[in-house]
Amino acid sequence: MKRARAEILSTRKVGVYQSITLVAPEIGERARPGQFLAIAMPEGRAFILRRHFSIHQASRRGGWAGTLEFVVDPSAGAGTGWLAAARAHEFLDVIGPLGKAFSYPKRLTNCLLVAEGRGAASLFFLAQELLARHKRVDMILGGRALETVFKPIDAKRLAQTVAVMTADGSLGERGGVLDALPDAAARAAAEVVYAIAPAPILRAIAAFCRVHRLPAQVAIEERMGCGFGLCNTCVVPVARRDGSGYDNLRACVDGPVFSPQAARAPVGSSRA
Amino acid sequence: MSRTITVTERVGSDVPRIAESPAGIVWETGLQNPGLDAFVSGELLRLARGGARIIVSIGGETLEEYVRMTSALQGRPEVAAIEIHLSGRDDELDRAVLGAHADRLNEIVGAVARMSLVPVFAKLPGACDDTVGLARTAVRAGATGVTLLASPPALGLEATRDRPRIGIVTGWLSGPALKPVTLRAVFDVAQALPAVPVIASGGVRTGEDAVECLLAGAWAVQVGTATLTDPAAAVTVAQGIIRRLKTAGLASPAGLRGLLRPAEHAAAEENPAPAP
Chain E
55 MKRARAEILS TRKVGVYQSI TLVAPEIGER ARPGQFLAIA MPEGRAFILR RHFSIHQASR
115 RGGWAGTLEF VVDPSAGAGT GWLAAARAHE FLDVIGPLGK AFSYPKRLTN CLLVAEGRGA
175 ASLFFLAQEL LARHKRVDMI LGGRALETVF KPIDAKRLAQ TVAVMTADGS LGERGGVLDA
235 LPDAAARAAA EVVYAIAPAP ILRAIAAFCR VHRLPAQVAI EERMGCGFGL CNTCVVPVAR
295 RDGSGYDNLR ACVDGPVFSP QAARAPVGSS RA
Chain H
10 MSRTITVTER VGSDVPRIAE SPAGIVWETG LQNPGLDAFV SGELLRLARG GARIIVSIGG
70 ETLEEYVRMT SALQGRPEVA AIEIHLSGRD DELDRAVLGA HADRLNEIVG AVARMSLVPV
130 FAKLPGACDD TVGLARTAVR AGATGVTLLA SPPALGLEAT RDRPRIGIVT GWLSGPALKP
190 VTLRAVFDVA QALPAVPVIA SGGVRTGEDA VECLLAGAWA VQVGTATLTD PAAAVTVAQG
250 IIRRLKTAGL ASPAGLRGLL RPAEHAAAEE NPAPAP
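Those protein sequences? They're chains E and H, same order as listed. Here the numbering used here is used: the first residue of the first sequence is 55, the next is one more, and so on. Here the numbering used here is used: the first residue of the second sequence is 10, the next is one more, and so on.
Among the clues, some could well be false.
Stated by the list, open to error - Chain H stretches covered by chain E per the calculated footprint, using a threshold of three residues with CB under 8 angstroms from any CB of chain E:
#	segment
1	36–46
2	92–100
3	227–237
Stated by the list, open to error - DEER-style ranges, computed between Cβ atoms:
#	chain 1	residue 1	chain 2	residue 2	range
4	H	T245	E	A132	22 to 28 angstroms
5	H	A263	E	R84	42 to 48 angstroms
6	H	A263	E	P254	42 to 48 angstroms
7	H	R170	E	V68	25 to 31 angstroms
8	E	E144	H	E73	38 to 44 angstroms
9	H	R170	E	K210	53 to 59 angstroms
10	H	T215	E	H266	40 to 46 angstroms
Source of the hints: derived by calculation from the structure; they are not laboratory data. C-beta: ideal position from N, C-alpha, C; glycine also.
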């Protein structure tokens with residue numbers, strides 16, 4: 055974990071989102087897919103906590119070496135609204151990379167990547183790393199409507215197949231990512247599933263993977279206070295192996311990438 | 010400072026556990042902690058790596074729990090002091106806030122202080138009728154000093170969605186919004202009990218905040234919420250205090266206690282001048 059005063063190299067609109075590229079070599083060279091950044095809010099405002107964003111791109115080589123990209127949903131609140139309006143050449147106080155990253159399969163080849171909305175941002179970074187390891191990548195991208203599906207055209211360049219699902223049918227098929235899962239898994243001959251989604255959807259994806267004996271990694275999006283393990287607020291209830299209740303693990307340092315059993319609502323937790 | 014430890018493990022309360030409020034946070038973790046035994050054999054040793062000595066915060070709902078924890082911490086070289094968390098429920102007397110009543114405060118602080126070989130600080134509840142009176146009770150019961158104050162109880166609601174912002178509904182307020190409350194409590198107690206060590210807690214984010222606490226009469230400060238945005242906040246605060254001591258030609262932070270001067274009448278069109 056490094057802290058940097060990072061310059062905004064560029065910021066551009068992607069559908070309803072704002073994609074921000076930073077110059078942060080110390081963070082960029084350590085970043086791996088699934089990890090996230092904690093960005094400080096400006097001084098003298100009512101809001102004091104950092105905001106947390108998964109890493110969309112980290113370039114270690116070439117003309118963009120040392121840059122990091124993350125994606126903001128401007129409608130999420132006042133803090134993210136401020137970030138979305140920040141301009142190039144402004145500086146941000148950034149801590150990263152934070153959290154556990156996705157791991158890559160050693161023997162298995164066919165990877166199915168599933169995400170909804172802004173959560174898809176870190177799948178692109180993951181897809182690139184998997185392709186560099188000669189894996190096959192297929193994707194399911196979802197969103198409420200056309201403009202909330204994140205970068206469907208870029209996804210087609212990376213993945214063998216991309217299934218796009220929208221709640222209103224304005225892009226791809228009408229429905230959620232779950233509806234596309236059985237067909238996409240069969241078509242891709244999926245051997246490993248990576249998913250980023252709100253907890254109820256992750257739970258259903260985890261159940262599907264269990265039934266079909268597919269190894270999976272899920273990234274949980276939970277509201278964080280600090281992002282580095284201090285405040286104990288971004289917890290995820292995970293059933294204990296011995297069956298004696300559950301532990302509240304911190305999404306920021308114990309995750310955000312968990313094994314799919316973390317997506318199961320354990321007995322005793324109100325999150326059933 | 011450790012987090013507050015209880016005899017048995019607590020898995021903690023449901024998410025969301027944190028929400029922002031103007032210059033503050035409303036939060037509740039349900040005292041999530043691994044329990045006394047796991048803390049002593051694990052977290053305490055990890056915290057002490059690198060040579061730090063730890064003030065351990067102990068919390069309980071019965072007198073026996075406080076006694077058991079104090080006993081287990083004796084003779085541990087990592088433990089520099091004990092802070093008694095007193096804002097929780099009182100199970101035995103069926104009261105909402107254990108430390109808000111002088112009779113109970115006297116009993117618990119007395120038991121911990123008699124047993125402890127290290128200094129004991131009572132962290133007084135963030136919303137109580139008579140902070141000075143409770144501080145006096147704690148010290149008479151044997152506390153080395155008091156920590157002022159614990160986070161006051163708070164509630165965050167979301168008007169647009171008709172919902173509480175915290176999973177278990179009610180929580181506590183922390184952050185910069187608390188600083189004036191902290192200063193007042195520290196000032197009142199320091200005026201009434203000048204010989205009692207007071208640790209200021211609540212709203213300390215910068216070196217200036219800490220200096221203000223020392224001027225009000227604090228012997229030390231705690232930095233909590235600021236660490237959530239800046240993991241090195243305590244270092245920044247310490248450097249700020251040292252800078253002020255150097256410019257004032259003082260050898261110790263104790264020199265700032267009682268340096269408070271009368272307020273100046275500022276011209277209406279000017280901003281109030283910062284302290285020199």
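Of all the hints numbered above, which does this structure not satisfy? Sort the numbers upward. Hint check: 2, 6, 8, 9, 10 fail, others pass.
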